[in-house]
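**Student:** Chain by chain, the residues:
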Amino acid sequence: MTSTGETTLLRIRSWYVTLGRNQPIRFLEIYWFAWLFVVAPWVISVNSVVAADSRINDEHWAFVPLNRPSQPMIQSVDRVRTPIDSFVLAKLESQRLSYSPEAVSTTLLRRVFYDLVGLPPPPSEVDTYLACRRPDVFERLIDRLLASSHFGERWAQHWFDVAGFLPERPNKRHYRDYVIGAFNQDKPYDQFLTEQLAGDELVDWRTAERFTPEIKEMLSATGFLLCARDDTNQAVLNILSNRHQVVFDTIENVGSSLLGLTMQCVRCHSHKYEPIPQQEYYQLMALLTPAFNVAKWLTRDERVMLDVSPAEKAKFENENTQLDQQIAELKKQLEAEDQEDSRASSVKTKIAELEGKRHTWSNIPVLIDTGPAPKTHLLKRGNYQTPGQEVEPGFLSILDTPQSEGLSPISETVPVTSGRRRAFAIWLNRPDTPANGLVTRVQVNRIWQHLLGRGIVTTPGNFGRSGSAPTHPRLIEWLACELGRYAQQGKPLIRQIMMSTVYRQTSSVDQSVEVPSVSSPESSNPQTVDPENQWLWRMRLRRLESEIVRDAILATSGQLDHSLGGPTVSLKTLDNGLTVIAPEDELSSPADRRRRSLYLRNHRGGNADESLTFLTVFDQPVVVTNCPCRRSSAVVLQSLAMLNDGFVVEQADQFAQRLANQATGAKQRVELAYRLALTRVPTPQESEWCVEFLQKQQMHFTAEQPAPPDTTTQALASLCRVLFNMSNFLYVE
Amino acid sequence: MWNDLEMALAIPHNSSTINRQEFLRRGGLGFGALAVAHLLDTDGLLTGGDTVRAHKINLTSRPAHFPARARAVIQLVQTGGPPQMDLFDRKLELQKRDRQVFEEKAESFQPGSGANQLRACPYKFRRYGECGMELSELLPFTGKIADEICLVNSMVSVHNNHTEAIVNLATGKMTGGRPTLGAWISYALGTENQNLPAFVVLRPSDGYATSGRLMSFNGWLPAIYGGTEFNSQGDAIHNLKRPSSIPVRVRRESFELLAKLNERHRQEKYPFDSELDTRIKNYELAARMQLSATDVLDISKESSATHKLYGIDNTDAAKGAVVGGGTSLAPLGYATRCLMARRLVEAGVRFVQVFIGKGQPWDLHGSLKRLPNMCRVSDQASAALVTDLKNRGLLESTVVMWGGEFGRLPVAQQGVETPAGDRGGRDHNKYAGSFWLAGGGFKSGLVYGATDDVGYRTVDKKFTIPDLFATTAQSMGLDHQAVSYLHAGRLETIADAETTGARVHSELFA
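So the protein sequences, as listed, match chains A and B.
Taken in order, the first sequence gives residues 21 to 753; the numbers are from the numbering used here.
Taken in order, the second sequence gives residues 9 to 518; the numbers are from the numbering used here.
So here's chain B without its partners, still in its complex pose (with noise of 0.2 Å):
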């Protein structure tokens, strides 16, 4: 697959296989030299926790604080809110207290809930796996990889309205502006390939979840440091083709022609200038990334068995989830971001965010007539990104996490989405939820944390989101206190455990 950029710069290629030390080697240049290497005053790098140092900003691979369990992470978003009692967390008493008012008036963030009445579960839930996790039968593909997840039942969020609790959810804060977790995973770790970005965002090509780019803002991190977004659909990368106007030879020419003028600029006036450098070098790294970029979202490369395990062709997955207004699910789209994801682990990119849907897709307010399609949608994309990244050995160095911003009560809401004689469905709740992580050295099969009776509240480990940027952080190696970033005369870490109070669960390591 010889193309136009790469005869301009007679870069050496091999397309046919694409594997981390394949990219490796054919790195050399790159991401490392897109610093903008500037830092204001006040703004600075502290890792390690030892003296203040400039900090070239690049993205160069560098150590953690300790040995690692994990070098990547995929962030599975369920925007909306799944369930938690309806899909994870069995309670029998809810079961049992079908249609009672609940005790304690529940916190609703909508109308609809007034009655308080309790909404028991209408599916059946089994054990699945040696370990005998007990799970909705909605998620019969979850189920099989019981054995490989680390479920937690004890989830806690900051806010019940979805654009505070999503933020927190990115950031591990509600208030907008901070670094999400992907920008300080590759501050503080650089990435592996040189020749694709640290930070990947897969996103629904129709459109952004909730929130927006703020899911994977750089914040006051530099900017390189951000997320980049790829698209599941179409062009993996905005503007990655040559127009088919321009002939393969003119663009050629205009490759040497601009590098002669804008290396004679540089030289004659900006000797010292490493963003004029580092411009001068991005068409060259255009041309790599054309080549790696392609190559590593080209899923057609994939065996038919592989696109069976992830459901890539079950058109039918998405018809009955997809909803109106700001939400939707473009059919095929989430099972082709797992298996993308898949491929940019195993590229080397750090960190890679694939959103479920755009907009908030579990949101299930006035009916759960629409889980069984979301669960079609989410869980066997998302299961079969863990049974794949095991079966290639990579499940141990990779934190997979599959959650969403909060969970929902176990009071049924009434709206005006309800079909005559539903039970209706569930309000946002930010006191409990479920949220499971696989690899990256968690204990599998474990069950961790507990709600009450009824799945309102979490009882016991609770665990807050900035707990799951600090023991996320553990994974990779890193002290999440000693990440840290000096910003307006503060000392910011990642999970800023000085206000949250965040701790490492090492609990859920093996």
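Bound conformation, chain A alone (with noise of 0.2 Å):
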């Protein structure tokens, strides 16, 4: 159909639309449809002559409200698994193209691992699952793994990109700890934007006698609109320019990870690209200056809040003092006694439980309006010291419709606080508006992107005229339209798309086997039609993500530390300029260096030794604002970290442990560390290569002077060595 028919279909679709017939077209509508195209075809000239110059030719696709797209027929039916899959395949069979073979049990079941938690599968579960006949074990998987809590990590780190969070400092955590709960709890994408626009203006806890969990976690939520650079902490930096930096370059963030639009340059002037007049701008900064005032700056020590209220705090101030004077009391009794009697260990164990019972106490990071709403000025050029007009809060007219509420919808529970960024949130989130539109567009194409290493638009920061346009439009809608269906929650969509053929396919290349294609006997050949894969007839290989490639290093080992939240992991700069985990004496506890790298110390752009050297060679970005996509290179610093870093090298002794104490038999053990490292087992020659290679390492080793005392396991080490330089390895196939 050509392009002006799909938008006069659509027209009349909407048009159904407005009659209240908000249901897909049926059968019979078909003959309705035909006939207008038969018998009136001038319907289509007329049409495209009033395209050509009325304001629907201006409506850029992103910028409308949603709309449920039908599915398109195609003809390889017994491909579609999920609507998804028709949508894919339309545009497949377009091309002449068909989908890949489904990808073999163990190379999908590491796909779903490393996609949902982060890690590869336990030999254990690989088994279990193989061993399973029922027909829904792949579904049931995926139901398993959406539920565990390492899903959370797995998904807040992407979260993280977006947000541009850096775990800087310690009490980052609270922020980093909402987000992976956030995640867990499968909290819906409409709450979840709400809260971290506006935690605070969610829940009353001016007048809180006690600070719940619930308040705790709305002001921890806030932490999202202090991602942005700030400086101002240092007095020299603490100036006008820097203040205004800092609430320029939230709105760029907000602007990006939200809306998917480009914020910087409507800064100095109106929007060369987007209909985003400048004085929109400073609407949008208007929602922000109250809680970041520039003549009544907070620096971000002092953007903090204790949580516990001040009640709390008096009462267990006072339940402290209690505490201590008993603790004091049993120490003075213990020093008469004898130490070694059984009496002087009760009287110990009773301090120590007395010291469980202390009450403490630690700083949120919490955005929070300082005061009454002070005036917002247009900078003209975007410079501070050029002030224009005044300019009243308000949102982009290009998303607005004319039955928005504005800023009116201010909640009235929690009088002291502006309500501005509350009122923003709803905005962005009421149903079939534009503004929701766009969020739901921008957040559904992430959740594509994490699962098929490329989003439907390959600009997922840009959603405007300037960005790149979606390869697949109509199932962009359709998956924005699903996540309304599903309450706005994340994990029903990602387990519709897992379960969808598309994303079961293999992403191997197989040259002999011509790709089969049910339609079409003169099917092309898919590395040529399309040697890109940007319409997914094979699964996209996929690098791991440099936090994951270590993760998967300390899971293989054996030694990674499973334990969820918690506080940030110090990093250490070494006089050789390599930026390693602190020693253990700087460590809260020594399995912090086997922790999940999410939870390391890192930090913005500026004064990056502070970032794990291990990561910055795979690609962590140094994040400016935020980082909307990952790049992926293949440098040769990842080569010899991989060969040479004394973390590759300490974990393939552990790996080598692990191999000699769970299997004998170097055959066996070849086996083992296949299953461990890459989640199969090797191939007849494989193994006979490798179990060669056992025996000529272990010679090697015998023959060096002096010999190490263990020349099994060192030849073991060498071979995990290897697995961990595997392409195999570093790639989700």
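There could be a bad hint or two in this list.
Mimicking DSSO-like on lysine-lysine, the simulated pairs with C-alpha atoms at most 27 Å apart in a straight line are [what the hints assert, rightly or not]:
1. B:K181 / A:K400
2. B:K249 / A:K592
3. B:K470 / A:K400
4. A:K370 / A:K333
5. A:K352 / A:K370
Keep in mind the hints are simulated off the structure, nothing from the lab.
These figures come from a predicted structure and were not determined experimentally.
Hey, can you piece these two chains together into the complex? The hints should help.
**Tutor:** Rendered as structure tokens:
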């Protein structure tokens, strides 16, 4: 169908919708359309004339309300598992392509594990999975992993990139743990956004007798707005230009993360590519100025709140004093006792018990309105020294609707706050508005990107006219509507995508077999037609992200500490410039060295000697504002790190020890090594090569002067280092 | 110097001398294949200003737009803001009006300049070279190369805070995220030696300059164009050396097995995947790089006369210049880095960035008492680099640029660190500053641009950082407006002349 015809169809459909028929088009209605096309072809020509100069032509696809598309008719119906497949297949068939075969079970299992929890599957899980004969075994696996607490860790990292969040300081753990929790609870996306923009305006913490877990959670959520670089805690940098820069960066983060719009240039002049006047930048800024008041500035160290209410604090201090007195008395008693006495040990136990009862509290970084809303001015050329007219808070007109209530629905329950951020959140999330359409499309595109390796829109931070057009426009619309149908919960959508045939395809290119196509005998060679695989005729081969490379090594060696949350792990830069995890005496626990990478300290662009070198080598992004799309490179420094870095060498030794303990015989150990590192058994030839390798390696170690103590394990460690360097290890197939 | 990696791969070698031809001969495979040859829909290359064409992301050397004067750049980054009126821009009026209140309110960054009282330069100026260039007595070595340098006294910045101004110095704009000059040049021209990165960063081993990795960031250009850090102390490249616990034979056989397993995986499943292919070749490259980089950065191969020229053994220089806070100057570091820079350029590296120290060492707020020490650290090594390049016939084909992110104010600043009886130091000044260029076809012995009577504002031939980028590109044979990259729907260029108004100062060329 021509694009004009398609437009016509869509518009007829939207007309249907306006008549209250918000239903998919039914079979009989097709006749009606057919009549329209046959009998009244002039409609199309009239329409195209109208379209040429009407505002519809100006409507950018991303700036209109969501409109649930019908499922396209396709030929390879046998490959359709979910409606998603019909959208993808429609595009493929138009290129005379089709899906590749399904990936083998173990490959699929590994893919699902990395995508949902960011860790390789343990061999026992693989065995259970392969042994299970239930038809819904794959579905059950997905459900189980979606329910795992490691799901939150994996998907929080994705969100941290989007938000521009870095665990620069210990107190940043509150926001970090909030996000992990939000993903684990599957908070509806609209709620998730609202809490992050205005958590402080959702609960009445000001008069609360006690800070409930909910209050603490809502306050922690506002850490989203504290992700921008802020150096104003240094007295010499606490100047107007820097204060403004914090607000500008925050607006840019919000623009690209939530709205998929680049806001940087609107600060100085009306947007050259998007229909955003400069004034509207400052309208958005006015939503934030009651909290970010440049005239009455709070430094980042002052934007904190105790995680207990004043009343609680007083009560706790009182209780602590009493406990301290009791402890002091017991200690006095202890001095009098014989140290070896059993009575003494019971006193010690009592002291420890009392000390455990002492209350502690800590600071949560929070963004709250700091006083009456100041006046906000447009800044000419983006310069704070040349203020222009005063600007009232407001939203972006291109995404607004006549029905918008603007700033009116402000919370009455919390009178001391302006409610502007909350009103913004409500505006973003009102169903069937252009704003909500855009917000939802941006989010589902990211989910797709994390699972399929590339977004439907390949510029995930730019959905405007200057961004790239969607490869599958109707699919993104469908996914966005599905998120709405799932009450904004991400897990069911992730599940639906993973259940689709498109996700379950093999990523490999089989040269010997032509890609089968049921429909079209003269099917094209996908490698020629679509070498970049933009139409998804196979699964994309994806390199593990930097954090996951490290986590995978730790999981494979058996050393990974699986605990959730907790203090941020400190780093240290050595004399040779390498930044590594701090020595054990500087850590809160020795196990910190083995924690997942998202708990490691990281630092914004600036003095980046505070980022772990191993991760930066593997493309951990240099975050300036935020990072909507990671890039993966294959530079030689990565090979050098995997060959020689102390961390890899140490973990290979641990991995070897694990193999030596859990299996006997070279062949069995090779097999276990493959299962742990690559989620598969070696081919007979690989097995033969590796066994032979182990024998020779052991001979070399034995011949060393002096020979190391355990040459068998040394040889195994060599094999483990080879496995860590395999492409098969670094990539999710 | 046979090492395990070479043995494993049987790569012929000759480590006794290193020169460009040698490196080129050894090449053949390497960074050219490093590319991840895929482009996002909206990001792509336009170069030469003609038609959009798919760009293979690689570092192979490519032709310039027109005959180039220079083929390499060495950027000597003097973070902190050297005081131009005390070193390069002699102001007789300032000397006369010492202690008078400046009629214009000088725009200061920190507190302490409120008195707005002019502060004369406490040091003498001398005429140097045949050109008679006036420079401070604190720069005797720079004086010796006066006839080789082109002094620009009309640099302007965009911001008077370090972070913004340093990002501007690195990228031409103060908002972070753009590619740096080194990344643009590597992108446009690739590099001559495929065994070494195109853009090498020599930073102090104890930390980064202010703004850290942003100084050598690829921005939205593909990652291979970003700077690769080499260390001036300890290992030149992280993880280049095999751990001593792994014997040579063990490593060699591991390589053989790894190559077999990886190649089999690629051939059977991903025969067309260039990234996997690159990854396999990287292990061979790692071997060659181990040789190349270790050799090229091994300054012990240089004569004692050369060591003396750079002042590498002059341990006293840095001592008095060491400052607290986030700033430091590891003794010996800068001179070593300058010498390494020469060796890298000689070996065919396109762009070398050398940092004076960690943080912002030239930041002389409350007192000028550190100035002589700072000069001792920077002066001899920077000048030696120019002399050394000249002696080897490399100066004409290399742009050497020396400068910081901004200049300093003509008025005195009193601060917490001001000793009793000290007249104080100087606060940041975005309106004027000095910079010098050498080689690359620049006119030598020229003093370009001028400031007002006291050195507060540039009044003639204003020279911005984007101008510096455009002019450097010109020297490299590149039309700065034609080296472009499509980013987020906008055609970006080296200096973004459309918004910055960048222009080539062709008067600077001989």
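**Student:** Would you mind confirming whether the straight-line C-alpha gap from K249 (chain B) to K592 (chain A) stays at or under 27 Å?
**Tutor:** The hint holds at about 21 Å.
**Student:** Given the proposed pairing of K470 (chain B) with K400 (chain A), does the C-alpha separation stay at or below 27 Å?
**Tutor:** Given pair K470 (chain B), K400 (chain A) holds - Cα atoms ~24 Å apart, limit 27 Å.
**Student:** Take a quick look at whether K181 (chain B) and K400 (chain A) sit within 27 Å of each other, Cα to Cα.
**Tutor:** With Cα atoms ~18 Å apart, K181 (chain B) and K400 (chain A) stay inside 27 Å; holds.
**Student:** Please verify whether K352 (chain A) and K370 (chain A) have alpha carbons no more than 27 Å apart.
**Tutor:** holds, 13 Å
**Student:** For the pair supplied as a hint, K370 (chain A) and K333 (chain A), is the alpha-carbon distance within the 27 Å limit?
**Tutor:** Distance ~24 Å between K370 (chain A) and K333 (chain A) Cα, so the pair holds.
The structure shown violates none of the earlier numbered hints.
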